[in-house]
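Just so you know, the sequences run in chain order A and B.
For the first sequence, our numbering gives the first residue as 1, with consecutive numbering after it.
For the second sequence, our numbering gives the first residue as 1, with consecutive numbering after it.
Treat the hints with care, since some could be wrong.
One copy or any two copies: either way a pair holds, since identical chains are not told apart in the list.
[Claimed, not checked] Derived SDA-like pairs: lysine to any residue, alpha-carbon spacing no greater than 20 Å straight-line:
1. K129 to Q264
2. K72 to L61
3. K129 to D12
4. K404 to I302
5. K72 to E62
6. K404 to D442
Hints in this document: simulated from the structure, not taken from any laboratory.
Number of protein chains: 2
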Amino acid sequence: MTAISSDRAKNDVSRSLARAVVRSRHNDIPEHAHQEARRALLNYMGCALGGADHPAVDMALEGLGFMSGPPKAAIVGRTEAVDMALAAFVNGISSHVHDYDDTTPSNYIHPSSPIASALFAFASTTPVKGEDFIHAFVLGFDAVTRIGDATYPAHYQAGWHSTGSVGVFGAAIAIGKLLELSEEQMLWAIGLAASQAAGLRDNFGSMTKSFHPGAAARSGLEAALLAKVGFTTGSTPLEGPRGFAAATANNQADFTKITDGLGQEFRLSGNTYKPFPCGIVVHPTIDACCELHREGLRADSIESVELRVAPLVRDLCDIRSPEVGLQGKFSIYHAAAIGLVRGKGGLAEFTDDAIHDPQISAMRSRVQAIPDTAVDEDSVHVTLLMKDGSRIERFLEASLGNLKRPLSDAQLEEKFRDQVSVLNPERVDSIITKCRRIAALDNVGDLIRLTAPEPAPKDA
Amino acid sequence: MTAISSDRAKNDVSRSLARAVVRSRHNDIPEHAHQEARRALLNYMGCALGGADHPAVDMALEGLGFMSGPPKAAIVGRTEAVDMALAAFVNGISSHVHDYDDTTPSNYIHPSSPIASALFAFASTTPVKGEDFIHAFVLGFDAVTRIGDATYPAHYQAGWHSTGSVGVFGAAIAIGKLLELSEEQMLWAIGLAASQAAGLRDNFGSMTKSFHPGAAARSGLEAALLAKVGFTTGSTPLEGPRGFAAATANNQADFTKITDGLGQEFRLSGNTYKPFPCGIVVHPTIDACCELHREGLRADSIESVELRVAPLVRDLCDIRSPEVGLQGKFSIYHAAAIGLVRGKGGLAEFTDDAIHDPQISAMRSRVQAIPDTAVDEDSVHVTLLMKDGSRIERFLEASLGNLKRPLSDAQLEEKFRDQVSVLNPERVDSIITKCRRIAALDNVGDLIRLTAPEPAPKDA
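Whenever a hint applies, use it, and build me the whole structure from the sequences.
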């Protein structure tokens, strides 16, 4: 298909996007996008399985489960059967609640959670071929990245948690593609997504952070379902004077980032996978402090810690005295403390217990973080003032997991295995294999069924 | 209870609101607020009944009904039994789809739709005493007006349809009150509402305008249900640097409008009821043109029409050539045309047929609307240039239904009867009586059951 040129971008953004999605065919998707989609889906699946027993997930089901419709859909990593919308919602919570899912650093969105959560819920109720599934995922991911890039940083700085507020478009487009919406219907799906775009950063550090991709997955799914039956919207939901960019990004959007190369280029190569389950901007600090720990440094010999960090770090992760594990994920002070005290930053370092560990807590209180525009978001300067009066300095230029030091396929597999230790090893191998071969599956439902802890599926 | 003084307002807005709602007792509500609540609920009920068979309602049920949970809840004016969340959603669509519901002109919110839609859905599943129902409604309405006033006009000008984006707080608070949330839980309900605050004005003129209060009713209901089971949020969802006011009103909020007199004063007296089913800012034009028609003016003697209108009229209702009835509701040109051609502005003047009526269409094309800061939003200057060369001028200062010329109880009853002509007269009388005596009902469910078209309820 023909790329839509940027000079039309400002006039017809939403319709151009709808048209490109509707016209897209499997073989428009290049292999590099397929490959990154497979990595993203394996990472997603590990996160959803790892988060499936989190209290936030239990509460979502306790609070809303009594209204669930016919139990036709499966939740990744759970045994309950629920309606499709509730499954999408719960998948979104579980896959994001540990803050371990993927990130596109160009806009700080965690794109897979809202998109894949809706897709897996849908595919658990209706047979979907693997090639259609991955095609829909790529289109949703591409749209989220484009809309996210077009409205970053104004949208994020205003207070929006774009994983929810932009993620909803990806879910709507992915499900809309599987529903084979017409161009007009796809435009309505985008319009209904725009009118459900929500999620505030004030709720970072609480369960509601993971509610955002859950709500986005469900809202996007429902947007596509309503569009399919003819529920109408306006025609300029992204670019209109009272549309998404105007309302949420103070009109500071570059729409060419949505329209340039649309249908020809697919923006998946900017995705990254977290080695630590917390806000990505504290990763350099954890990485550097773990490195110092590995070199034999003892925490009780440290008098105080001075970090020089990118300004966004303080903006995002300035929780000085976290009280629960979820707040620890957004504390640059906690990040330094766990690295220096424990030499690691795994799930166990972000529990409520870890927050109240006396040694970690004491170390947190001795950390200062100074915003420095000369430090970028992949880097950190660590200065330790030691009790013996000496100083130790460390500059980390590129932290593990970022675009300069991406997790390898083997590291992604190791991360996956760490999160799914409750499943038996054969099952884990089978899930990994199916994720890697997802485009060849006759029915993605076969993969989803493998993730239920009980009972063992027939083909396991 | 004690009013919360405004000097604390900026520090503790969300918690103050939560506390005031939780501590409120029936007898804190003054009679004037009760009285306006009863008027609002009668008006709501007429609108929900009048809109219950709109295609948007049918499509909502067609698109999402297959996922409905246990059929325990009733929809106002429909026979289907669905789950409570879906009932709240559908009630919100039906009660707003004709744009005939109430308006608070201080912030242009239609407050009853999101709040009452959730409350009636809840009360259709669980016995709720009338006095508890109206108490919860007053608290929800008061909160919506306060949050709306605090963030108007920045929020609305940015592109938000505040009936959805602010209405969600009213639904959360009203249902939270019935669920007897603790102060902490009520704060979480407000936090979850904030993270679902959505709805864009780009979708005005389409079915998605009425989707907004539907989504707000459902989202608010679910916010309260999740808060009840312990789903956590941040603690400053309204006032935080990444909270609702920052993200949606460009930080231009006056929080004292939320906190002043909280728990002592209840902001219901600024409510108005529409005599015409369309955007409220075109009402003066319809009213003035109907007046000219009543005086014997013939449309075919008019060469052209010049309106001088408040600037907001063009901002909101500038659809030059509407194609469907829903767009006609936001066309100042259509407003003048129906008044001059038909001498009325009822539901029949906003159908697709009316849009394509050749005489109305021809008249629309001869209307000009000039923004004039000297004209306020209750007024209009109409100048007719007649085919015989003469000019007719008319200034209407205060249009019917606004705060200076409110609909009387008798006019409200007449409006109600016009919308519910499909119900038999005894049923209509019974609904009116129950709305007027709602505080005395043992179970509000008795009122809701009366609204189902079939079968006749036992007590009718």
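Here's how the hints hold up against the structure:
1. Proximity of K129 to Q264 under the C-alpha cut-off of 20 Å is found in neither arrangement, the shortest distances being 23 Å within a copy and 60 Å between copies.
2. In this assembly of identical chains, K72 and L61 lie within 20 Å of each other by CA distance both inside one copy and across copies; the values are 15 Å within and 18 Å between.
3. Proximity of K129 to D12 under the C-alpha cut-off of 20 Å is found in neither arrangement, the shortest distances being 32 Å within a copy and 52 Å between copies.
4. Taking the closest pair of Cα atoms, K404 and I302 never come within 20 Å of each other, the shortest separation being 30 Å inside a single copy and 72 Å across copies.
5. Within a single copy, K72 and E62 get their C-alpha atoms as close as 18 Å, and across copies as close as 18 Å, so both meet the 20 Å cut-off.
6. In this homomeric assembly, K404 and D442 never come within 20 Å of each other (Cα to Cα): the closest approach is 36 Å inside a single copy and 67 Å across copies.
The structure fails to meet hints 1, 3, 4 and 6 from the earlier list, while all remaining hints are met.
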